[in-house]
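Colleague: If you want the building blocks of each chain, they are given just below.
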Amino acid sequence: MNLLNTVLFLPLAGFLLALAIPRSASAGASRVWALISSLGTFAASLGLLAWFDRGTGGEQLAIDVPWIATPNIHFAISVNGVSLWLILLSTLLTPLCVLCSWNTIKDRTKEFYAFLLLLEFGLIGVFLAQDLFLFYVFWEVCLVPMYFLIGIWGHDRRIYAAVKFFLYTMAGSVLMLAAIIFIYNKTQTFSYPAILEMLSSGRLTFPASEQMLLFLAFFFAFAIKVPLFPLHTWLPDAHVEAPTAGSIMLASVMLKMGTYGILHFCLPLFPAAARACAPWISVLAIIGIIYGALVAMVQPNMKKLVAYSSVSHLGFVILGIFSFTQPGLDGAVYQMLNHGISTGALFLIVGLLYERRHSLEIGDYGGVATVAPWLSVAFLITTLASIGLPTLNNFVGEFLVLQGAAIANFQWAVWASVGVILSACYMLWMYQRVFYGEVSDGVRGHIPDLSAREWAAVIPLIAMMVWMGIGSQSFLPPVSQNTAVILKQTNVNVSYRVQVEGKPKTAEVASAR
Amino acid sequence: MPVSPVFNPQDALRFLPEIILTVMGTLLMVLDPLIHRRSSPAFGHISLVALLAALGGSVYANSIAGPAFGGMLKVDGFATFFRVLVIVVGILTVFPSYRFLARQEAETSEYHALLLFSIAGQCLMAASNDLIMVFIGLEISSIASYVLAGYLRDDKRSNESALKYFLLGSFATGFFLYGVALIYGITGSVNLTVARDAILHQAGDSTLFVGVAAALIFVGLAFKVSAAPFQIWAPDVYQGAPTPVAAFLSAGPKAAAFAVFLRIFMTAFEPIAGKWQILVWTAALASMCVGNFAALLQTNIKRMLAYSSIAHAGYVLVALTAQSETGIAAAMFYLAGYAFMNVGAFAAVTVLTGKGERYQSIDDFKGMGRQQPLAAAMFSIFLLSLIGVPLTGGFFGKFYIFKAALESKLVWLSVLGLLNSAVGAYYYLRILVVMYMHEPGEAVESSEALSGSLGIALLLPALGTLVLGIFPGWVLEFASKSAAIMK
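Each protein sequence line maps, in turn, to chains V and Y. All residue numbers for the first sequence refer to the numbering used here, where the first residue is 1 and numbers rise by one. All residue numbers for the second sequence refer to the numbering used here, where the first residue is 1 and numbers rise by one.
Treat each hint with caution, since some may be false.
Facing chain Y, a subset of chain V residues (Cβ under 10 Å, in silico) [stated by the list, open to error]: (1) VAL137; (2) TRP139; (3) LEU143; (4) ILE181.
Simulated from the structure, these hints should not be mistaken for lab results. Glycine included, C-beta positions come from ideal geometry on N, C-alpha and C.
Kindly produce the complete structure, drawing on both the sequences and the hints.
Modeller: Okay, structure coming up:
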């Protein structure tokens, strides 16, 4: 059996077995099962890392099995240098989500963990799918468990947030479905590699106006998911109302479905339209960066603050992608991973604080560092990572994005870097108000330090922040190879450097157009 | 084609499902005085046996496919598809009826007899290739359904439902018959094949009348499938009718009417396709918009499902607008998926409504996920399928329909239709919200444990929905083949 199948279907098997756990079994049974099954998936995905051939770019470990005869739909999956890391991110975060939900989810535990595993299945599927139809299927499959996670286990306004989340995504994705069907009617295939092949050989061309509409249909669906300003309004609601595990999965992985979609589908399929829209999209991204940061600054609610900081950070990703430069794309992908790690950790620790104090308001805290020093240290490292302190992960990504943006248009880089400064303001200010100062009454005696289980959830993320900050060469080469292929497909005339095992090697890109 | 006076045994075999259903229906009525108990499940069992036999009969009839009774009937893949479909709808209706009738302490023999007659009429509609046969089938089916809608005769709403259905229904049948008369006047025949040739070879002055005839027949059938602007009756009728009957009405007669719709418009009226396309286009868009937007405002769950069924009729009309073989196949597939998910959804409603159908409000479903986990889970599958979430039959149905529409370059209709389906998601989600995200209310607390027959009534359609959603291939292939040879 192919390893990709194992990684993809283990969570599904976990989901089905979790459903089969009898109601009479204790709540502990389902969470132990969820932990075992998600750790198993993570182990399998580490195997993916070993099997992935770093020497060659492009899609690897492909599986292609016919699923439905008419229309010709295949179960086609494969992994590339970008999706590899996103899958690892999903499989790493799922067991951590199980750990951090251990004691907080008391109601309907079985269903909670079942939905979490179903979500993991959908997310991995999105990153693996190489058939446009299959991609759409997984895209929608992710929607349902997240809807229930927010709606059942969320906070007070959970229903509003869940419905808003579902409808926003649905509205975007039906247009993408129309575009997918349109492409199928034109090409008679859903196979993404086959369509790319037709495009590169010139057997398939999208005339300018048609290409623009198709691009917008895809982009709209992805931009809602990212979310790109001004389509971001579902995000603060969903993040604030979701339970901790839901916020983590939503911020760390689900938002990347949008950026991955843009990178993997929009750019290669519709290069001309994408580049025609690039200035507009970049401006929206920069507005998002600054707007998100400014709104984050004035939030009295910690989760809302982190949610708006996501809007700001994802703006960097979009800016990097639409710079159409090698460092820009690399940085965007790296930033996708960084944001997954550091924002995941932020939501995790905010969730731990909520578990102790039952409040998300910054004003209810103060002096936490005195009573829970280790928790504060963990949060400090995460904060610094999120700000983009050198030696921690976000610095690398932001640097590359700004470099790419500066090549494309220097002013964009200048404006975007304002966002970096602002991020330091709102994060440090929040840190100061929550962790320093007088120990408030609600905090004293209510906030124990991290337990062993919580350490187990936090440590992997902090380790990753440091590793990704100082050892970016462990991660970037496969990414660069893949982004180089994407740039080549978009006919950008650049030369780029790929480092394989320390030996710099310069490759030329066809200077088309 | 003159009707042959010689009786051909093959004709009777091709007519087998209708024969079985009629005989068994009559048998049920004869047995009524013999089995004295008021709410005996025995009649339900007989009804099931009859339906299964009819199912076998349809499959057998397909193996000796061909015209029957001098071309008045035409047993082909298309007819078989819809015969099987309406019989399956019948089977799915019998299961929730057991518990429902027992709970209301209602007579069971007449109920099941009427159900069988109605299905016999629908089978006849599916197989007829002659406008008079269509009319007879339509009447057999409708008259039985009028009575079924008013089956709980002590219930005011049920009476209102039956009366409305009857008055408006007969009015619409009048339109249909008027159209048939015009066609006979123009072409000299009521046989669809003959009429088609006549229309093809006729030039000039009579095209206007053919158009008028098509419009009249369209009105009659649009009423039967509850397409806007002829949908006014549906919410009242579905709300007042006994819930399993509402399930049946929303799937069975609708599927049969669509079968006739497709058959007439894609054979006899195909030569003037350009003329009626705009008619169907408008009705499709209007149905989707009216259905989805009106459903947003409903508080009664049966009314909401009624409006949703109007919207779904709109989706099927989109497939008809495409005027292609893929469009016909898509419509067939959609109706199959729709039958499972909608009958299932109504069956899930019966779990809670209680004696006298007291609990019909959407709020009564609060906390269903806690007290009735299995029923709520199955209901969720039906709702997700109605929304059109992948891996359910409803999704593939929509997918095929909009694929066919885009192939026929109906870009605007497709985009508006898809956006409509996003609007639709809202009201289906509302039920999911009350089922899972609220604490149980009175209706749920007082609900009885799920009985065996009701469990089957939920599991069967759920299975059907999922199978169509994961392996849609063989149903679609059969539909495509039948669509190709229909003309």
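Colleague: Which numbered conditions among the earlier hints are violated in the structure presented, ordered from lowest to highest?
Modeller: none
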